[in-house]
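*Asks:* These are the residues of each chain, in order.
There are 2 protein chains.
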Amino acid sequence: MCEANAYILNGDQEELFFEKVDRVIPEDGQLILENIFGHKKMIKAEIKELALVDHKIILKRS
Amino acid sequence: MCEANAYILNGDQEELFFEKVDRVIPEDGQLILENIFGHKKMIKAEIKELALVDHKIILKRS
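In order, the protein sequences belong to chains A and B.
Numbering-wise, the first sequence is residues 909 to 970 according to this note's numbering.
Numbering-wise, the second sequence is residues 909 to 970 according to this note's numbering.
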């Protein structure tokens with residue numbers, strides 16, 4: 909499965925925010941993340957980088 | 909490998925823009941996409957949706 913883990917940048921640290929993310933949908937200045945189990949989280953952040961082969965989504969609070 | 913294909917929305921059609929994308933980096937209102945072969949493309953677009961299990965990155969021109 910090709911889900912990824914979502915990390916929030918805190919300074920130059922990457923803090924795990926949500927595991928096994930399948931979908932990411934930007935909406936109204938927020939991001940809706942849905943994992944492979946159908947659980948959702950919202951966060952006021954933007955995507956800073958995707959590194960899919962490394963299974964990483966890097967977010968930055970906005 | 910967990911790369912994804914990037915599609916551009918054209919109306920309600922998804923047109924293939926770039927295959928086997930590994931990295932996506934938003935920069936200065938554009939997106940830099942890099943595929944698993946190290947090839948890069950830039951596009952003035954935003955991410956509309958990620959669907960990683962389906963290996964899809966949906967972009968919308970901005």
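Just so you know, not all the hints are guaranteed correct.
Which copy is meant is left open, because identical chains are indistinguishable; a pair holds if it fits in one copy or across any two.
[As the list claims (entries may be wrong)] Calculated cross-link-like contacts (lysine to aspartate or glutamate; reagent style EDC-like; alpha-carbon spacing at most 20 Å):
no., residue 1, residue 2
1, 949, 920
2, 956, 930
3, 948, 920
4, 952, 962
5, 928, 911
6, 952, 922
7, 949, 936
Keep in mind that the hints were calculated from the coordinates and are not lab data.
*Asks:* Given identical chains, is residue 928 near residue 911, meaning Cα to Cα at most 20 Å, within a copy, between copies, both, or neither?
*Replies:* Cα proximity of residue 928 and residue 911: in one copy and across copies (5 Å, 15 Å).
*Asks:* Between residue 952 and residue 922, at a C-alpha cutoff of 20 Å, which is it: within one copy, between copies, both, or neither?
*Replies:* Close inside one copy (16 Å), not across copies (27 Å); limit 20 Å.
*Asks:* Given a CA cutoff of 20 Å, do residue 948 and residue 920 count as a within-copy pair, a between-copy pair, both, or neither?
*Replies:* neither (26 Å within a copy, 25 Å between copies)
*Asks:* Tell me, please, which holds for residue 956 and residue 930 at an alpha-carbon limit of 20 Å: within, between, both or neither?
*Replies:* both (17 Å within a copy, 14 Å between copies)
*Asks:* Is the C-alpha distance from residue 949 to residue 936 at most 20 Å within one copy, between copies, in both cases, or in neither?
*Replies:* within (14 Å within a copy, 27 Å between copies)
*Asks:* With identical chains treated as interchangeable, where does the CA-CA distance between residue 952 and residue 962 reach 20 Å or less: within a copy, between copies, both, or neither?
*Replies:* Intra 24 Å, inter 25 Å, cutoff 20 Å: neither.
*Asks:* Is it within, between, both, or neither for residue 949 and residue 920, if the alpha carbons may be no more than 20 Å apart?
*Replies:* Result: close neither inside a copy nor across copies, 23 Å intra and 27 Å inter.
In summary, the structure is inconsistent with hints 1, 3, 4 from the numbered list given earlier, while agreeing with the others.
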